[in-house]
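Number of protein chains: 2
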Amino acid sequence: LSDLSQLVEERDLAGLQQWLQETDVFDIAEELSRLEPEDRAVAFRLLSKERALAVFEVLEPVHQQELLASLREPNVRELLEEMEPDDRARLFDEMPASIAKKLLEGLSPKERRLTSILLGYPENSTGRIMSPEFVSLRASMSVKDVMTRVRAHGKDAETVYTLPVTDEKLRLVGIISLRDLVLADPDENVGHIMTSKVYSAQADVDQEEPARLMREAGLIALPITDRENKLVGVLTFDDAMSVLEAEDTEDMLRSGGLEPLGRPYLSASIIRLARTRVVWLFVLIIAATFTVNVLKFFEHALDAVVTLSLFIPLLIDTGGNVGSQSATLIIRAMAVGEVRFSDFLLVLWRELKVGAMLGLMLGLIAYLPVLFFFGNRIALVVSFSMFSISTIAAFSGSMLPMLAKRVGVDPAVVSAPIITTLVDTTGLIIYFLIAMTVLGL
Amino acid sequence: LSDLSQLVEERDLAGLQQWLQETDVFDIAEELSRLEPEDRAVAFRLLSKERALAVFEVLEPVHQQELLASLREPNVRELLEEMEPDDRARLFDEMPASIAKKLLEGLSPKERRLTSILLGYPENSTGRIMSPEFVSLRASMSVKDVMTRVRAHGKDAETVYTLPVTDEKLRLVGIISLRDLVLADPDENVGHIMTSKVYSAQADVDQEEPARLMREAGLIALPITDRENKLVGVLTFDDAMSVLEAEDTEDMLRSGGLEPLGRPYLSASIIRLARTRVVWLFVLIIAATFTVNVLKFFEHALDAVVTLSLFIPLLIDTGGNVGSQSATLIIRAMAVGEVRFSDFLLVLWRELKVGAMLGLMLGLIAYLPVLFFFGNRIALVVSFSMFSISTIAAFSGSMLPMLAKRVGVDPAVVSAPIITTLVDTTGLIIYFLIAMTVLGL
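If you read the protein sequences in the order shown, they are chains A and B.
For the first sequence, position 74 matches number 622 in my numbering, and the numbering has no gaps at all.
For the second sequence, position 418 matches number 966 in my numbering, and the numbering has no gaps at all.
No lab work stands behind these hints, which were simulated from the structure alone.
The structure presented is a predicted model; accordingly, all values stated were derived computationally and were not measured.
Hints may contain errors.
Heads up, the list lumps identical chains together, so a pair's fine if it works in one copy or across two of them.
[Unchecked claim] SDA-like, lysine to any residue: derived pairs with alpha carbons at most 25 Å apart: (1) 692 <-> 704; (2) 745 <-> 631; (3) 778 <-> 761; (4) 901 <-> 585.
Let's have the full structure, built from the sequences with the hints guiding it.
Shown next, in the form of structure tokens:
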């Protein structure tokens, strides 16, 4: 598999063609995305027409865009014409508006209309990723009629496994699965065998909502309606899975103090990588200057007992770690729906108890070695600080993400790095207050 | 929706029954899992037989187990008998072996056999979550024959949308989708319309592998074979989605310095929560004692210029943040397959450049304010340390997860907290070496 880059480098056309023929579409796409743009174009142009389309659809928008730029116009048009409307909308969305407009105009009227419908929905809304081509049924149809209809129109639809049933005003009244249709008596009425209590989602809600529903309930496809309950599309499980992957990526990166790159890691330039990180670092440095101020405030204590400075990293690391643990736990529990805002006080109380318990254990563990090397009073200061810092860290680590969600901010933004910096400042104040009391400074 | 707990509390049976009738299965399960075990049992027993099974299948194993304990034996047996074999295997897996064995013996011979097959595969292997009941075809069958077969056996199979085709020795030779069957001429041969280049996975590989493949390729179902390519089951997309959710949860929690809880957050006891966290904290504290030793080593410098201690938190926080960013980015890129070990040097070189660029910016930003308050020499020390620490942090933050993966350790384990602690120690050494040089200590 790893030979592709070598084949391209050696311009071994025969070898390339063989490789492209023998490899799975999905593996081709994966290997292509690891090549430099020019090499990728060389290899892509060698694909048979049918495979080229299949590979193209699997690529990331950023690579699709680069490829289009390297192809001749008729080929571009052909590729775009054959794409699924939702994939096409996603691609157009990432292009400069003027180019997208020109390409849109090159499409056939039908495909242009389908794409325009999707692009009419707000970014990140369900409407953007649904399929506007679907087979819909009426309750009065017989199973036999339905099968005829599926045979006639099933080729264009993205799925035929979940078929929505509507009334004469196109309002969703139920769904029926192809499995039930196949197992049913051909003369049976759709209305009798359809499921009328169905999950559905509105086209203007955030994509994450229906995607999580589909994962939890294990749905292959979900009918999408407008605000009047009129059927406008169908969301399929593969698009839902992509949304969830992107959401999880976003959560993870934000928890690590980064913004999503919007493209594969190896395709992002150094400048782009630095840009997605520097803003966060800058914010965190500003926050961390509080620690300088706190220490400056207690400089006389540090001056009197230099030993106190030795434990600063240990204590703030511990606080940061306990805080990150709580934040990570709560952010994930909220993301998968285990915890809601109504659990706020319950969660705070639980984390307070866990934090205190952890602080007690860590404080006890720290006591003996510090006693041995630095004496009883310093050991008391360190242990007692560790207990207090752990408790406060667990408390704020769980509180901040929940409050963030409440005011409409992604909880992952208020996670590890932010909490670490916040807990540092509070932790240092506590440490010095305890030290001054115990040591009588 | 949120009335359930109130209805149970008031023992309002009529209200409860109405609520249980009007609510979707999936929502019932979600609300039930938020109740106390006894209340959950009260509400569950009021469900109609059919709905009880549907709700039971959606619950987490820990709640299933609690419910079983509260039900009478015939009901337990009935519930277990009707479960999907893979869900049942998962439940048995989490029970004490003696109880699982007793319950297994209560099953019908057929269901017992299916469950035993799944339980025979290693934990976390694909065999555990596949469905051993499937409709399989021969290439020589006509489409008409197939439809008859689907109608006869389709009720028991977990999916009929992707049908595996085997030879006479049960070796996988292709797949055909129900959609293609419905669209095909009834007299056509399966061999002519099946796809013979198919994705499949072996039953003994880690679940994550086929699950990621299914997400990337958008597959509804994947044939699972043994090492001789004999068909042994089918993995469906809903089980794949659950695996990926669990994997992402595991990655996130480990990145935050925790082990997975194995149950919903609110169902975990305080003791369990503390236990999943204390081991990590303990390891990190041991690691953090290096910082105490480093500072002890440089105590004379601290003694001479107490001002140096003011910047300790700022510098180690910055190092920790840059390091976590790199680690998070690389861990996720590896998890979704964008980066492999063969990219090791490329990634290190990129992160080194990004780290240096970030360090340069942050060092420049820090210079002026420190100059203003603490003078030129301290400002030089802080800026230069910030540059060096950022570079090293980005470097080690990207290197460690890749090396971890290489030696078979989950990269997420070597992430934020570990890297923070490591970078702290290195960072402090660098800081003091620079300080001693610039300040001539």
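Hints, verified against the model:
1. 692 <-> 704: both (20 Å within a copy, 23 Å between copies)
2. 745 <-> 631: Between copies only: 22 Å across, 33 Å inside.
3. 778 <-> 761: Answer is within: at 20 Å inside a copy they meet the 25 Å cutoff, but 35 Å across does not.
4. 901 <-> 585: Only across copies: residue 901 and residue 585 sit 22 Å apart there, 55 Å inside one copy, limit 25 Å.
Taken one by one, the earlier hints all hold for this structure without exception.
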